[in-house]
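Assemble the whole structure, with the sequences as input and the hints as a guide.
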Amino acid sequence: MKTLKQYLRALLDAKKLLAYTFLLCFFLWVSMPFVMIALKSIGKNWFGKLWLPPDLTADWYKWAIVVTNIPEVLKNSLVIAALAVTIATLIAIPTGWALGRRKIPGKEAITAIILLPRMIPPIAYALGVAQIFYRLHLIDTHIGVAIAHVAICAPYAILVLSSTFEALDDRVLEAASVCGANNMRTFFHVTLPLVMPGILSSLIFTFTTSYNEFTLTLMTYGPKTMTLPVRTYLAIGEGYWEVTSALSMLLIVPSLFVLFMIQRQVQPEKLVGGFKGV
Amino acid sequence: MSDWMIELVDITKRYGDLVANDHVTLRILRGELMTLLGPSGCGKTTALRCITGQNIPDDGRVLIDGKDVTDVPTHRRDLGMVFQNFALFPHMTVSENVEFPLMIRRMNKDERAGMVMEALKLIHLEGYAKHYPRQLSGGQQQRVGLARALVYRPKVLLLDEPLSNLDAKLREEMRFEIRDLQKRLGITAVYVTHDQEEALALSDRVAVMNKGCVQQVGTPAEIYGQPATKFVADFIGLSDFIPAKVAAFEDNSVVLAVNSERIRVPAVNGLQVGFDVLLFIRPNDVQIRPAQAQEDNTLTGAIDKSTYLGDKFDYRVDVHGIEVRVQTHGAERFEIGEQVSLHFPYQRCSVILDTEVCPVR
Numbered sequence: 574m575k576t577l578k579q580y581l582r583a584l585l586d587a588k589k590l591l592a593y594t595f596l597l598c599f600f601l602w603v604s605m606p607f608v609m610i611a612l613k614s615i616g617k618n619w620f621g622k623l624w625l626p627p628d629l630t631a632d633w634y635k636w637a638i639v640v641t642n643i644p645e646v647l648k649n650s651l652v653i654a655a656l657a658v659t660i661a662t663l664i665a666i667p668t669g670w671a672l673g674r675r676k677i678p679g680k681e682a683i684t685a686i687i688l689l690p691r692m693i694p695p696i697a698y699a700l701g702v703a704q705i706f707y708r709l710h711l712i713d714t715h716i717g718v719a720i721a722h723v724a725i726c727a728p729y730a731i732l733v734l735s736s737t738f739e740a741l742d743d744r745v746l747e748a749a750s751v752c753g754a755n756n757m758r759t760f761f762h763v764t765l766p767l768v769m770p771g772i773l774s775s776l777i778f779t780f781t782t783s784y785n786e787f788t789l790t791l792m793t794y795g796p797k798t799m800t801l802p803v804r805t806y807l808a809i810g811e812g813y814w815e816v817t818s819a820l821s822m823l824l825i826v827p828s829l830f831v832l833f834m835i836q837r838q839v840q841p842e843k844l845v846g847g848f849k850g851v
Numbered sequence: 005m006s007d008w009m010i011e012l013v014d015i016t017k018r019y020g021d022l023v024a025n026d027h028v029t030l031r032i033l034r035g036e037l038m039t040l041l042g043p044s045g046c047g048k049t050t051a052l053r054c055i056t057g058q059n060i061p062d063d064g065r066v067l068i069d070g071k072d073v074t075d076v077p078t079h080r081r082d083l084g085m086v087f088q089n090f091a092l093f094p095h096m097t098v099s100e101n102v103e104f105p106l107m108i109r110r111m112n113k114d115e116r117a118g119m120v121m122e123a124l125k126l127i128h129l130e131g132y133a134k135h136y137p138r139q140l141s142g143g144q145q146q147r148v149g150l151a152r153a154l155v156y157r158p159k160v161l162l163l164d165e166p167l168s169n170l171d172a173k174l175r176e177e178m179r180f181e182i183r184d185l186q187k188r189l190g191i192t193a194v195y196v197t198h199d200q201e202e203a204l205a206l207s208d209r210v211a212v213m214n215k216g217c218v219q220q221v222g223t224p225a226e227i228y229g230q231p232a233t234k235f236v237a238d239f240i241g242l243s244d245f246i247p248a249k250v251a252a253f254e255d256n257s258v259v260l261a262v263n264s265e266r267i268r269v270p271a272v273n274g275l276q277v278g279f280d281v282l283l284f285i286r287p288n289d290v291q292i293r294p295a296q297a298q299e300d301n302t303l304t305g306a307i308d309k310s311t312y313l314g315d316k317f318d319y320r321v322d323v324h325g326i327e328v329r330v331q332t333h334g335a336e337r338f339e340i341g342e343q344v345s346l347h348f349p350y351q352r353c354s355v356i357l358d359t360e361v362c363p364v365r
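Sequences listed follow chains A and B, in order.
Numbering-wise (my numbering), the first sequence opens with residue 574 and increments by one.
Numbering-wise (my numbering), the second sequence opens with residue 5 and increments by one.
Keep in mind that the hints are not guaranteed to be accurate.
As the list claims (entries may be wrong) - Residues from chain B that keep clear of chain A, each with C-beta distances beyond 12 Å, as calculated:
hint	residue
1	64
2	77
3	79
4	107
5	108
6	118
7	152
8	180
9	187
10	225
11	257
12	265
13	280
14	288
15	304
16	347
What the hints assert, rightly or not - Examples of chain B residues lying across from chain A (beta carbon under 10 Å, computed):
hint	residue
17	56
18	82
19	83
20	85
21	91
22	109
23	162
24	179
25	341
Since the hints were made in silico from the structure, they are not lab data.
A virtual CB, placed ideally from N, CA and C, is assigned to each residue, including glycine.
The following block contains the structure:
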């Protein structure tokens, strides 16, 4: 265990000792809740002051799947996320292109306005959104919830895509043109491969944001559009913490998977090199 | 078939109020390496981009191999180009980069592989076929750019300050490689640079440009030895300009009056008695002698500054208020304040008009 060795070595160095102790505490503080939930979801007869559950069981998961109708809830989460990602990306691509590659007066102001939905806590405007949606009959529709999610998904997408497009060097496109490629072939052979990591990154961020969104969903959902975060919240009210823990685990796993994919997909080193100087 | 591979005929290009190219006419012979030389903003890159098609001139025509290509888009002009910042495709390997022009032209796979190998051999990078640009040094990346530009044997090779991003030693090596390749393949090339040493070393002919117009076109020897305008004389190498008046004409010479002294120089057209002109000579052509020396074509003055440069001395001599720079390897050393006699050898002198007006070509 490399870190254990480093920790022991650090005991000899007071400054390092302090740093490593701080990191250890921070790590425990962050991971403890997840560990608790994970244990709770598989624990049986875990009452009182025991540190670890005496027995293990998969019953809670079965209960969660049957009673809370997981497949339906999961389906809603995914459908809404897919819609939100599509709409947000369609908005973000032209916006990102304009912000990244054109001189626009008041670019900073525009960027600030775009980021506004992320700066203000959603609860502040969720009620307003709900009122408007009632009038437009968008409550309890997949598309309605998705549109609400776009408000917080699009800013990320625009930010990521505008820096992706900004990094696309004109001179590489010129080089392709001199080599004989017309606009369409330049797009397919050069532009697209170069922006793909950025687009994938944007898709992943947007998907995760929508999948995990709670406040806006709470204000715009109905029985037909119950998502996983909302269902988990309601499960707490029902009293069975074990079931809630099982639901939470189901909520976390896709996010962890996506995080893993981000690590592998977005390889920044593929975008640089082949340039020098400016 | 005309001798000219590339012709820029009366090209004018404006960016708002700025005239980047002002009635520029350039003709480049088949198989020659022509350098466009000038300071930043002189219009050399604009002229190059008119050849590639990235700029569409407001006026004038562009011809390549006798064909008018002014309205032909870049990707159909069959050119090869090397860029200052290399502009390699970062997501492709070296061999994929070099293969790109062939792939675009829909050549079949086997032919492509063969030509790519040949091209890599030309630039001595056969072992790097599977590397990515980011794994190569600057010099290697530029060689890949060269291979990519030459792989399908275009008629014309364009180079936009290709060595500016390389260190000094590499620059010298690459200079020879580029010139060597160009001569071996017999390809017509247009080279853009602001480095006069590069221009003199590499080119068959040089076009010196300033503020959007062509000042002079000639061989490196002509540009250095017989500069046509004050700008060209000043831009290339070191220069001395001494204000003078045309006093008389004799056979093939012109007699200039510098204050009370007389200097004879080879004749130039378009002069008349009484004109204000500049006597031009290179500082290392001026011969410096002790004051008592009796010779034609001399001016007298006093040493104002003296600098030891290792292999030579750099003197600033005050000739009636005019500072004349002299560089000499001579064994004689002169002290500050000493009276000296500057001899201007007839063959090394020129007359130049003191004007910024661009000669119409």
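Taking the hints in turn, this is what the structure says about them:
1. Under the 12 Å C-beta cut-off, the non-interface status given to residue 64 (chain B) relative to chain A holds; the minimum distance is some 21 Å.
2. With a closest Cβ-Cβ approach of about 7 Å to chain A, residue 77 (chain B) is found to fall inside the 12 Å limit, against its non-interface label.
3. With 12 Å as the threshold on Cβ separation, the claim that residue 79 (chain B) sits away from chain A is violated: the shortest Cβ distance comes to roughly 5 Å.
4. Chain A draws residue 107 (chain B) into its interface by the beta-carbon criterion, the shortest separation being 8 Å against a cut-off of 12 Å.
5. With a cut of 12 Å on Cβ distances, residue 108 (chain B) falls inside the contact zone with chain A, its closest approach being about 4 Å.
6. Here residue 118 (chain B) stays apart from chain A, with its beta-carbon at least about 18 Å from theirs, past the 12 Å limit.
7. The beta carbon of residue 152 (chain B) sits about 7 Å from the closest Cβ of chain A, which is not more than 12 Å, so the claim that it is off the interface is violated.
8. Its beta-carbon lying about 21 Å from the closest one in chain A, residue 180 (chain B) satisfies the requirement of being farther than 12 Å from that chain.
9. Every beta carbon of chain A lies more than 12 Å from that of residue 187 (chain B), the smallest distance being close to 22 Å; the non-interface claim holds.
10. Distance check for residue 225 (chain B) against chain A: the nearest CB is about 33 Å away, which clears 12 Å, and the non-interface claim stands.
11. The claim that residue 257 (chain B) is not at the interface with chain A holds, since no C-beta of that chain comes within 12 Å of its own (minimum 51 Å).
12. The Cβ of residue 265 (chain B) lies farther than 12 Å from every Cβ of chain A, with a closest approach of about 51 Å, so its non-interface assignment holds.
13. Annotated as non-interface, residue 280 (chain B) keeps its C-beta farther than 12 Å from every C-beta of chain A; the closest such distance is 44 Å.
14. At the 12 Å boundary, the C-beta of residue 288 (chain B) stays outside the reach of chain A, the nearest C-beta of that chain being 35 Å off.
15. Under the 12 Å C-beta cut-off, the non-interface status given to residue 304 (chain B) relative to chain A holds; the minimum distance is some 51 Å.
16. Under the 12 Å C-beta cut-off, the non-interface status given to residue 347 (chain B) relative to chain A holds; the minimum distance is some 47 Å.
17. With its C-beta approaching chain A no nearer than about 6 Å, residue 56 (chain B) sits inside the 10 Å limit, and its interface hint holds.
18. The interface hint given for residue 82 (chain B) holds, since its Cβ lies 7 Å from the closest Cβ of chain A, which is under the 10 Å cut-off.
19. Hint status for residue 83 (chain B): holds, given a least beta-carbon distance of 6 Å to chain A, under 10 Å.
20. With its C-beta approaching chain A no nearer than about 4 Å, residue 85 (chain B) sits inside the 10 Å limit, and its interface hint holds.
21. The closest approach between the C-beta of residue 91 (chain B) and any C-beta of chain A is roughly 4 Å, which is under the 10 Å cut-off, so the hint is satisfied.
22. Taken as an interface hint, residue 109 (chain B) checks out: its beta carbon lies about 6 Å from the nearest beta carbon of chain A, inside 10 Å.
23. Hint on residue 162 (chain B) holds. Least Cβ distance to chain A is approximately 8 Å, under the 10 Å limit.
24. A least Cβ separation of about 18 Å between residue 179 (chain B) and chain A goes past the 10 Å threshold, and the interface hint is therefore violated.
25. The interface hint given for residue 341 (chain B) is broken, as the beta carbon of that residue sits about 48 Å from the closest beta carbon of chain A, more than 10 Å.
In summary, the structure is inconsistent with hints 2, 3, 4, 5, 7, 24 and 25 from the numbered list given earlier, while agreeing with the others.
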